[in-house]
Amino acid sequence: MLYVDEACRSFLCRIALTVVLIRAGIGVDLDAVKKTKSLICRLGVVPPIVEGVVIFALGTLILPMDLKMQLLFAIILAPTSPAVVIPTMLGFMKKGYGTLTGTSSAIIASSTIDNIICIVAYNVLVSVVFSSVLLRYEFSIQFTAAVLGVIIGIFGGFIFRIHPHIGSNNLHIVRAILLFSVCAALNFVSLAIEMSTMGVIATVLMSFTASNGWKKTMESKFYHEAEIFTFIWDYFAVQMLFSLIGFQFQLNQ
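Residue numbering for the sequence shown follows numbering that gives the first Met the number 0, starting at 0 and increasing by one per position.
Honestly, the hints are just simulated from the structure, not real lab data.
Hints may contain errors.
[Stated by the list, open to error] Listed below are the simulated DSS-like cross-link pairs for lysine-lysine, each with C-alpha atoms no more than 27 Å apart in a straight line:
hint	residue 1	residue 2
1	Lys93	Lys215
2	Lys215	Lys67
3	Lys93	Lys36
4	Lys214	Lys93
5	Lys214	Lys94
6	Lys93	Lys34
7	Lys214	Lys67
8	Lys33	Lys214
9	Lys215	Lys34
Because the structure is a prediction, the values reported are computed rather than measured.
Generate coordinates for the entire structure from the input sequences, incorporating the hints supplied.
Right, dumping it as structure tokens:
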């Protein structure tokens, strides 16, 4: 039977997550967000809450488990899958579907908000269920992580707008490498200090802020960076991610 070390599996999954989050940030258009901001908020907040409540209610009727564990499973099952939704929407955008109305960008942005809400809720519930940490302490940690993620993401995005210089050699490749390196480092650091929300928010906002700046200065050329991450996802990250998920299944259990 093939065996994948847990530390190696976690590392590779985090790399794949970083790629898809960068793609999400690059794929969101600022003008589309401005036009559909109310729709984004509704799609990002209401569905995970409704899904979580429904799953929790059905779970209490079907599964003989503790209510806290039922709620935890509901939060795990409620969010959308960024590995499925984001590449699909970006594929639609590439074909021109939903670009005029901003629908594709709205769905990408709302799915990101959906996942961030569920990550925060999951971290809070895990602390409540499996440890004696005070609820208000965990809320303060998650709030701090979110604020730090926003600050780091926006600040880093503006840095990437001006560095590397627009006249640099291999500009698009250098931008992609630097963006990926910084975002991956943020995700691993946030995981190490148990503030995973910070890494997710910072990655999306940094990619979003940087790419919209590139779009203004380079017109359509900013899509070169998007194409690089599309290539990495389509031919490397997606196969790695779903293969690692498959390795987790053990039929004898």
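> Is the Cα-Cα distance between Lys215 and Lys34 27 Å or less?
Replying inline: holds (18 Å)
>> Next pair to validate is Lys93 with Lys215; report whether the Cα-Cα distance is within 27 Å.
In response: holds (19 Å)
> Do the alpha carbons of Lys214 and Lys93 lie within 27 Å of each other, as the hint requires?
Replying inline: Cα-Cα ~15 Å, so holds.
> Is Lys214 close enough to Lys94, meaning Cα to Cα at most 27 Å?
Replying inline: Satisfied, since the Cα-Cα distance of roughly 19 Å is no more than 27 Å.
> Is it true that the CA of Lys215 sits at most 27 Å from the CA of Lys67?
Replying inline: violated (48 Å)
> Is the Cα-Cα distance between Lys33 and Lys214 27 Å or less?
Replying inline: holds (16 Å)
> Under the criterion that the straight-line Cα-Cα distance not exceed 27 Å, is the pair Lys93, Lys34 satisfied?
Replying inline: holds (20 Å)
> Within a Cα-Cα threshold of 27 Å, do Lys214 and Lys67 meet the stated pairing?
Replying inline: Status violated; Cα separation ~46 Å.
> Taken at face value, is the distance from the CA of Lys36 to the CA of Lys93 at most 27 Å?
Replying inline: holds (22 Å)
In this structure, the earlier hints numbered 2 and 7 are contradicted, and the remaining ones agree with it.
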